[in-house]
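Chemist: Sequence:
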Amino acid sequence: LLLQFLFPLRGVTHHVGNEQLWYRARIRALSVPLQISMGCLKPKLHGTPFQRSMLEPVINFLSAAVNCVVVWSLQRQWRTSGILDAVEAAAAAEAE
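For the sequence shown, my numbering gives the first residue as 7, with consecutive numbering after it.
These are computed hints drawn from the structure, not numbers from a lab. Glycine is no exception: its CB is placed at the ideal position from the N, C-alpha and C atoms. Just to be clear, a hint being listed does not mean it is correct.
Said to hold, decoys possible - Ranges of calculated distance between the beta carbons of each label pair, as one might list FRET restraints: (1) S43 <-> L15: 32 to 40 Å; (2) F56 <-> H21: 46 to 54 Å; (3) E62 <-> L15: 40 to 48 Å; (4) L90 <-> L12: 22 to 30 Å.
With the hints as constraints, model all of the structure from the sequences given.
Modeler: If you want it as structure tokens, here you go:
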């Protein structure tokens with residue numbers, strides 16, 4: 007977010023927005039398989055000294071789902087925040 011604040015127009019084209027949105031979406035997307043694998047592997051620790059609460063895998067799967075929504079949101083924001091999209095939205099608002 008700091009880079010997006012410092013360089014607000016970096017990577018902005020007519021069709022897409024700030025490149026930091028794209029990078030943030032990709033970094034968040036990397037956490038989805040990690041959360042799913044942790045959720046699948048934690049029950050296998052049952053009966054060991056590293057046993058976890060049965061709530062932890064549920065939280066991992068919920069975190070993966072939330073991260074999918076965040077990735078979708080960041081990707082959509084990147085795609086729809088280009089210069090032409092802003093001009094078209096302003097023209098549509100002015101026409102109403």
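Chemist: Does each hint hold? Answer for all of them.
Modeler: The hints, checked one at a time:
1. S43 <-> L15: 32 to 40 Å: holds (38 Å)
2. F56 <-> H21: 46 to 54 Å: holds (49 Å)
3. E62 <-> L15: 40 to 48 Å: holds (42 Å)
4. L90 <-> L12: 22 to 30 Å: holds (24 Å)
The structure agrees with every numbered hint stated previously.
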